[in-house]
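**Student:** Could you put together the complete structure from these sequences and hints?
For the protein sequence lines, the chains are W and R, in the order given. Counting from 1, one number per residue, gives the positions in the first sequence under the numbering used here. Counting from 1, one number per residue, gives the positions in the second sequence under the numbering used here.
FYI, nobody ran anything at the bench for these hints, they're computed from the structure. Hints may be right or wrong, so weigh each one.
Intra- or inter-copy, both count: the list cannot distinguish identical chains.
[What the hints assert, rightly or not] Quick list of in silico lysine-lysine cross-link-like pairs, DSBU-like style, CA-CA up to 30 Å: (1) 9 / 82; (2) 142 / 82; (3) 225 / 261; (4) 261 / 116; (5) 185 / 247.
There are 2 protein chains.
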Amino acid sequence: MILINGESKEHIEISDRGFQYGDGLFETIEVRDGKAVFFERHLERLKSGCDRLYIPFPDGQLLSLEAKALCRQWPSAHAVLKIIVTRGTGGRGYRQPDVIQPTRILSLHPYPDYPKIYSERGIVARICTTRLGLNPTLAGIKHLNRLEQVMARAEWNDSAVQEGLMLDVNDRVIEGTMTNLFYIKNNSLYTSVLSQSGVAGIIRGIVMTISVDHGLSVIEHLFTKNELLSADEIFVCNSIIGIWPIKQIEAMHFSVGPITKSIQIWLNESTSKTAWLEADKA
Amino acid sequence: MILINGESKEHIEISDRGFQYGDGLFETIEVRDGKAVFFERHLERLKSGCDRLYIPFPDGQLLSLEAKALCRQWPSAHAVLKIIVTRGTGGRGYRQPDVIQPTRILSLHPYPDYPKIYSERGIVARICTTRLGLNPTLAGIKHLNRLEQVMARAEWNDSAVQEGLMLDVNDRVIEGTMTNLFYIKNNSLYTSVLSQSGVAGIIRGIVMTISVDHGLSVIEHLFTKNELLSADEIFVCNSIIGIWPIKQIEAMHFSVGPITKSIQIWLNESTSKTAWLEADKA
Numbered sequence: 001m002i003l004i005n006g007e008s009k010e011h012i013e014i015s016d017r018g019f020q021y022g023d024g025l026f027e028t029i030e031v032r033d034g035k036a037v038f039f040e041r042h043l044e045r046l047k048s049g050c051d052r053l054y055i056p057f058p059d060g061q062l063l064s065l066e067a068k069a070l071c072r073q074w075p076s077a078h079a080v081l082k083i084i085v086t087r088g089t090g091g092r093g094y095r096q097p098d099v100i101q102p103t104r105i106l107s108l109h110p111y112p113d114y115p116k117i118y119s120e121r122g123i124v125a126r127i128c129t130t131r132l133g134l135n136p137t138l139a140g141i142k143h144l145n146r147l148e149q150v151m152a153r154a155e156w157n158d159s160a161v162q163e164g165l166m167l168d169v170n171d172r173v174i175e176g177t178m179t180n181l182f183y184i185k186n187n188s189l190y191t192s193v194l195s196q197s198g199v200a201g202i203i204r205g206i207v208m209t210i211s212v213d214h215g216l217s218v219i220e221h222l223f224t225k226n227e228l229l230s231a232d233e234i235f236v237c238n239s240i241i242g243i244w245p246i247k248q249i250e251a252m253h254f255s256v257g258p259i260t261k262s263i264q265i266w267l268n269e270s271t272s273k274t275a276w277l278e279a280d281k282a
Numbered sequence: 001m002i003l004i005n006g007e008s009k010e011h012i013e014i015s016d017r018g019f020q021y022g023d024g025l026f027e028t029i030e031v032r033d034g035k036a037v038f039f040e041r042h043l044e045r046l047k048s049g050c051d052r053l054y055i056p057f058p059d060g061q062l063l064s065l066e067a068k069a070l071c072r073q074w075p076s077a078h079a080v081l082k083i084i085v086t087r088g089t090g091g092r093g094y095r096q097p098d099v100i101q102p103t104r105i106l107s108l109h110p111y112p113d114y115p116k117i118y119s120e121r122g123i124v125a126r127i128c129t130t131r132l133g134l135n136p137t138l139a140g141i142k143h144l145n146r147l148e149q150v151m152a153r154a155e156w157n158d159s160a161v162q163e164g165l166m167l168d169v170n171d172r173v174i175e176g177t178m179t180n181l182f183y184i185k186n187n188s189l190y191t192s193v194l195s196q197s198g199v200a201g202i203i204r205g206i207v208m209t210i211s212v213d214h215g216l217s218v219i220e221h222l223f224t225k226n227e228l229l230s231a232d233e234i235f236v237c238n239s240i241i242g243i244w245p246i247k248q249i250e251a252m253h254f255s256v257g258p259i260t261k262s263i264q265i266w267l268n269e270s271t272s273k274t275a276w277l278e279a280d281k282a
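**Tutor:** What follows is the structure, encoded as structure tokens:
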């Protein structure tokens, strides 16, 4: 089921600027037992992305109601809720319309059947050839211009490799194609600065907060592939997979370490404490 | 009228990757008296963009037939033909489908009513704050990830300013929001290198060729705003406007010089020699 501006539809106008220019944003949200996890944080990020792109933020209550209506369709399923907001329809040309009427699209998708072993024993990652461009105007936000990720993900077809890590054009490791990246070195947690490229994920933010809350030092900085490969532990995260330790990058092997396991536990606690609940269950 | 994969429609599936990720390309083509100008060159660039993004190129003959069918709707109008090709529909996630069935969309639009004075007396340009990111994977091609241009074009609303010039994150002047940029200094023609950012326009390529043919030196290099402002003549170009001299950038004034005027004449000659003709006029 797909809701476009509140109506059940599967098609969008060709003149929608989301299609013409990737002129919009999206959120990908885990749904467990009819509950959209960290829903409020996703809405906050969507609002902050809209502010950055000067797209009027659709009514948050409306988005909540529509999200609930969708989640109610599969009340006991594990699912993915995707929200897209675009600058709406417009004429040909980059200039935005004088009056912007954003398009909002909510859709529910099956949860991908990732083996549980990925979060328990870790995954294999590769280093992508495709680089992330540097762009402070767009860095950090989850906009619809995602060709870099598409090109990076098209680099491999080997199902033994679960994620590709992306460097920027200055040889700094930034993130995975669909995940944020952390490493642990001497009991401190490191992740990339996202002021020039990358997407500031919801789980990335939560991992940083809960780690600080539990007494870890958390450092955002720019690091090279060699610095990454000298780490004690490495993991990737996003809203759908949670945390996957990395057990191998190319020929280098890593163990699933104690700090990664602790952060997984803290994240699970945080998730169950703050999951968004349907108020008006039928 | 819009043709989507040969059928008259105005809507596209939400699951089209053009909408989900800007995973596609486009061409914007001038139509004069039912003839699509430089059509073959646009098709060539579209094909080369498809190759770069690993999107199977739709049948060129099919695209020609569909373009002709559209142009026949407005046989004597000045119009704009837009062709979009995307990676087609797909599931959620960046990974491309195992079998890619590209979507092709052709649409005809009114020609924008730019005053003739722009090409004769020149336009006013500004320098945009929004920077172009550096990305060799995507540089040069006319893909659907156009948020940088959207953000740059959103910087001004003053109808006295016709174009915004964009610098990259390294302070090099690259192009206009919707145009390529040339300047003339000591009788040589200069334009930016587009290996890290920018769109390699059809008219840009033709301007370079015809200028060399007429004995001008043409130099592609990276230049700063100060180098640009010390030019003898400056102009921008694209497939819809042709060539617009720049008469003013911020407080600096420029005259519409003899070399720009010559290139305008050469471009007009080239256009009338090579315009794509409908073979099967009704």
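**Student:** Now tell me if each hint is right for this structure.
**Tutor:** Structure-based check of each hint:
1. 9 / 82: both (15 Å within a copy, 25 Å between copies)
2. 142 / 82: both (12 Å within a copy, 27 Å between copies)
3. 225 / 261: within (23 Å within a copy, 52 Å between copies)
4. 261 / 116: within (14 Å within a copy, 68 Å between copies)
5. 185 / 247: within (15 Å within a copy, 57 Å between copies)
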